[in-house]
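**Q** For reference, the chains in residue letters:
Number of protein chains: 2
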Amino acid sequence: MVTSIASVCLSGGLTDKIHACAEAGFDGIEIMDSDLTVTHESPEEIRALCERLGLRIDMFQPFRDAEGVDDETFTDTLRRAREKFRTAGRLGTDLMLVCSNAGTATVDDDALAARQLGELADLAAEHGIRLAYEALAWGRFVNDYRHAWRIVQMADRPNLGTCLDSFHILSRGHDPSAIEDIDGEKIFFLQLADAPDLSMDVLSWSRHHRLFPGEGSFDLVTFLRHVLRAGYTGPLSLEVFNDTFRQTDTQRTAAHARRSLTWLTDRVAVAEGHQTGRIPPPQPPRGVDFVELAGADLSAVDHMLEQLGFTFRGTHHRKPVRLWAFGSARLILDEQDRQEAPHLSGIGLSVDDAAQASGRAQALGAPPAFRRTYAGDHELKAVASPDGTQVYWNDRPAETWAEEFVGGNDPDADVIAVVDHINLSYPWQDFDEAVLFSTSVLGLDAQASSEVPGPRGLVRSQVMRSPDGAVRVPLNLAPPTAPNPPRHVAVRCRDVIGVAERARARGLHFLPVPDNYYDDLAARFALDGELIDRLRGLDLLYDRDDDGEFIHFYTPTLGDIFLELVERRGSYDGYGAPNAPVRLAAQRPRL
Amino acid sequence: MVTSIASVCLSGGLTDKIHACAEAGFDGIEIMDSDLTVTHESPEEIRALCERLGLRIDMFQPFRDAEGVDDETFTDTLRRAREKFRTAGRLGTDLMLVCSNAGTATVDDDALAARQLGELADLAAEHGIRLAYEALAWGRFVNDYRHAWRIVQMADRPNLGTCLDSFHILSRGHDPSAIEDIDGEKIFFLQLADAPDLSMDVLSWSRHHRLFPGEGSFDLVTFLRHVLRAGYTGPLSLEVFNDTFRQTDTQRTAAHARRSLTWLTDRVAVAEGHQTGRIPPPQPPRGVDFVELAGADLSAVDHMLEQLGFTFRGTHHRKPVRLWAFGSARLILDEQDRQEAPHLSGIGLSVDDAAQASGRAQALGAPPAFRRTYAGDHELKAVASPDGTQVYWNDRPAETWAEEFVGGNDPDADVIAVVDHINLSYPWQDFDEAVLFSTSVLGLDAQASSEVPGPRGLVRSQVMRSPDGAVRVPLNLAPPTAPNPPRHVAVRCRDVIGVAERARARGLHFLPVPDNYYDDLAARFALDGELIDRLRGLDLLYDRDDDGEFIHFYTPTLGDIFLELVERRGSYDGYGAPNAPVRLAAQRPRL
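Quick note, the sequences are listed as chains Z and A, same order. Mapping the first sequence onto the numbering used here, position 195 (from 1) lands on 196, and the numbers just tick up by one. Mapping the second sequence onto the numbering used here, position 171 (from 1) lands on 172, and the numbers just tick up by one.
This is chain Z alone, in the form it adopts within the complex (with noise of 0.2 Å):
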């Protein structure tokens, strides 16, 4: 299938817009009126410039309140569409998009609109327009695709058929399955927008809280099924109206729609059983197969591993690179990077095919990250994450790679050990991407989100995981005026009191806890004095809900990672979120 992009979508100049589509491989556009008006460059040149990049001008959009008007008004509506169908002929595009009537529509007659849009669609002709009618969710009269439908079959032109905009539809809870009633011949154009599931007016939903598809609630999969089978050939198009989309990187942003038209066409073309239109397969991850740290000093990283309880397992045979593991738990230090405080720099995925899985991320227009390999070294893929994180797969056991690594100790046997979670932090605006990029690229699934009061703000997080519950990436999404929250891997274990209590002894001091908290704890649970002592001695975090208990600390933050450690006990299957801003005010940077 074609994809196109309603030039609305991007921030920047439409001159930018065009410039960013082409380049993530879009194969059409949409130019809005509104887009065209404040651009210094002509309709011709517009056209010469796609022409160049090999970009089509699907349609030029919107013409609005044309239909279910009285005659005087209607006569000044071709008067307008006149001049707007010079324009489109001028950009060299024969579509047009005409919405339903929501400012000026006074008569509620279907044989009226029909009589209206016919008229139209004759002027349009003339100009070797075609028209595609549009219901508006908040249309005055028509607000459901069936009855636009129903008028475009009354006006019955052969240049006037119908537009179908997934969030007109499934925001108003209207079923999509009666699309295939529809002749797909007369399906003129197709646009594709997510959206989160918020209870506000449809029009302000729609107007700034449109996504991608894949971001949000809407069942896109389901829709865009019907539209296929009701015959449609023409380009899947984006149309997102978004107020952080407006704001962020043109060409970001544009990269990361076309994820989107990918993700969504390669579901589709799963779901239908067709082999075109597929990429490689998602592999979900079995486990974490190492985190990397880097920096140009990692000593004090090593210190603290020590004090935890972890193993030295060696030093890489030919980097300055070390390995040391807690059970399952593997940590690289890598002092390559000789500029940065200590940060996550790598996540290492075990997978089933790793070759798939990268052959998949740069399907999906994933950046492959670099990586200095040395003759026999094991060689893995990798690809960047939004957050700049490098993303390995590794589909052989991890002691193959481990090998690499020498002069260490072996590995504590009695020591079982997992990576439970790995928690981003990313700004505000690059949110939505990292949560597209974390279900297409890497295979994880959205939970549903919550907000943590924190002393510069609300800090929204995001769980990602792996069906199975094996990899959890928790995502933190910072207020816009605050730094980035620093990011942090948590180790689980079966005895979190016992690693705290030999930590402690060897001198580790972790994020301390407010006495207040404990008080708090007591209050809430109805826990034993001696357990409340024993949190309270050594700095523990506790949370309980239905399905069992968490027991956690955190350790000090170095540079812009810190780590934790938990036990989780029953079925517990959160991150102890009502600890949070614990941990938040805790680690606010003194001014």
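Bear in mind the hints are in silico, worked out from the structure with no lab data behind them. Just so you know, even glycine gets a beta-carbon here, dropped at the ideal spot from N, CA and C. Take these hints with a grain of salt, some might be off.
Every beta carbon over 12 Å from chain Z, so not counted as near; a handful from chain A, in silico [as the list claims (entries may be wrong)]:
hint, residue
1, 49
2, 53
3, 573
For each label pair, taking beta carbons as the anchor points, the in silico distance ranges come out as [stated by the list, open to error]:
hint, chain 1, residue 1, chain 2, residue 2, range
4, Z, 531, A, 178, 54 to 62 Å
5, A, 57, Z, 415, 54 to 62 Å
6, A, 209, Z, 546, 20 to 28 Å
7, Z, 181, A, 468, 56 to 64 Å
8, Z, 538, A, 46, 37 to 45 Å
9, Z, 198, A, 220, 29 to 37 Å
10, Z, 272, A, 80, 50 to 58 Å
11, Z, 340, A, 107, 54 to 62 Å
12, A, 46, Z, 371, 46 to 54 Å
To give an idea of the interface, some chain A residues facing chain Z are shown, with a C-beta separation under 10 Å as derived from the structure [claimed, not checked]:
hint, residue
13, 14
14, 287
15, 457
16, 527
17, 545
Let chain Z serve as the given structure and place chain A on it in line with the hints.
**A** Frame of chain Z; chain A shown alone:
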């Protein structure tokens, strides 16, 4: 009346909040349980700090999920409560808030709720604690203040009263007049919050979008009058959950919050005809006396004013300050600033009583502006607005102070012109503060706000104007990732086309307007071709509505300032909003 504020209104840690509240002049504070939990200071330290700063701890809150539950759950409720009553005692407050049950309530039975609240009150009495029961707007069974009051009456305990919260009452559209039926002695506490008129679920609205009084659409004056008539004499306390204020500077937000209560109590005192609680009355400006631009070198501004046809009125007899005039539009160029590029530095407003205006501003906590004056100079009172622009008040004729300028030309009697509007810009997080400053200190009224798409995101525009429209100050709110747009001064004249032609003849080129704009104009309005050509030839912009027409142009930007020349025909009362995207696109910095 004494004032108070919930700690949740502010950013930072609890001790920062306490210091800021005391400094802003609040009499008391409500300590939120969640703020105490994450704090290292003990309740006794918090109590002692508040005592030292003269801040009363008016309430400890909230206690949730108390009533309407089964017996087993209620046993645990009493256990939880006992711990929290102890904490309240340690804080030295005798009042706790009990919210109507929104989480665990299973029994819709007022008698049961009253019995359980009664038992809870009896337990509280043992700790010397009083309870204020409040109906949350989203309480499971109790979500109306009248219902909560009935249950309090049924429980009939001396230490059980009700708490009224304006948000929970007005967001549901409940009639506040029945507040007068409540025994004033039994209103144990009053929480005040304003809110914008949003159509979204009430829980999200409450948790994220509350505002301080005077910043939203609730009629808090009427609300508070009902509460006072009921006989309430306790604190007026602010409880504002707002995503932005959680991030902004603690001290600044506290000062801004305190201003809202001064404004509100003044409005109520005036409405009730009281003499106490009043501050000097507002002085709605009768016109713009002058606008001051500052910078190290303003010669480019001189040049542009000359091209526009302004008259040079002279240089100040003691300072490097020049005066230009176009009819009654007076621009002062102040080169005492050695550092900065040209920018808007001050606004002079004509009022009936400058001393009253200045006294009111200072009563509302506006910081007095420093201004060097010399012997013999007219001294104008001034304060700094939230963006740093100085605001002066003058109750004498303009030409009084204009005598200080010498060596210029006489005013051109043929020119009829005034300052039409002054466009200020704010970063998004200071916007609500700017609105409250404009209403309470400047005596302007907020008009409906609008949003304008720009190449770097949506710009929100909020027009503030004096009752008769003589002074208009549109506030522009930049998106978080974008720099503040430049400020501008619009001068209204009678023949903007003539002004433009003469300025063009003197070599001034205006902000260039795209040809496409004129094609769109021709489509939107049936303008005659000659007018379109004239507008196009001069880069003039045009708008029309049912009231009249608007023609205007923009100068190039010098530093952080540009000028606009406008002509209003008929009763046109807008600002050419449809043309704002053209300006934003043309002014976009090229990267």
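**Q** State for each hint whether it applies.
**A** Going through the hints against the structure:
1. Non-interface call for residue 49 (chain A) relative to chain Z: holds, since the shortest CB-CB distance, roughly 15 Å, exceeds 12 Å.
2. Here residue 53 (chain A) stays apart from chain Z, with its beta-carbon at least about 20 Å from theirs, past the 12 Å limit.
3. For residue 573 (chain A), the condition that its CB be more than 12 Å from all CB atoms of chain Z holds, with the nearest at approximately 20 Å.
4. In this structure the supplied range 54 to 62 Å holds for residue 531 (chain Z) paired with residue 178 (chain A), their Cβ-Cβ distance being about 56 Å.
5. Taking the beta carbon of each, residue 57 (chain A) and residue 415 (chain Z) are about 57 Å apart, inside 54 to 62 Å as hinted.
6. Separation of residue 209 (chain A) from residue 546 (chain Z) is about 25 Å and conforms to the stated range, judged on CB atoms against 20 to 28 Å.
7. A C-beta distance of roughly 59 Å is found between residue 181 (chain Z) and residue 468 (chain A), which places it inside the suggested range of 56 to 64 Å.
8. Between residue 538 (chain Z) and residue 46 (chain A) the beta carbon distance is about 21 Å. The supplied range of 37 to 45 Å is therefore violated.
9. At about 32 Å, the beta-carbon gap between residue 198 (chain Z) and residue 220 (chain A) stays in the expected band of 29 to 37 Å.
10. At roughly 52 Å, the beta-carbon separation of residue 272 (chain Z) and residue 80 (chain A) lies within the given 50 to 58 Å, and the hint holds.
11. Distance hint check for residue 340 (chain Z) and residue 107 (chain A): the Cβ-Cβ separation is about 59 Å, which falls inside the suggested range of 54 to 62 Å.
12. With their beta carbons about 53 Å apart, residue 46 (chain A) and residue 371 (chain Z) fall inside the hinted range of 46 to 54 Å.
13. Here the hint on residue 14 (chain A) is kept, as its CB sits about 6 Å from the closest CB of chain Z, short of 10 Å.
14. Contact between residue 287 (chain A) and chain Z, as hinted, is not supported at the beta carbon level, the nearest pair being about 37 Å apart and thus beyond 10 Å.
15. Hint status for residue 457 (chain A) relative to chain Z: holds, with the closest Cβ pair at about 6 Å, below 10 Å.
16. Satisfaction of the interface hint for residue 527 (chain A) is found here, the shortest Cβ-Cβ separation to chain Z being roughly 6 Å, below the 10 Å cut-off.
17. For residue 545 (chain A), the interface hint is violated, since its Cβ never comes within 10 Å of a Cβ in chain Z; the closest pair sits about 13 Å apart.
Hint compliance for this structure: hints 8, 14 and 17 are not met, and every other hint is.
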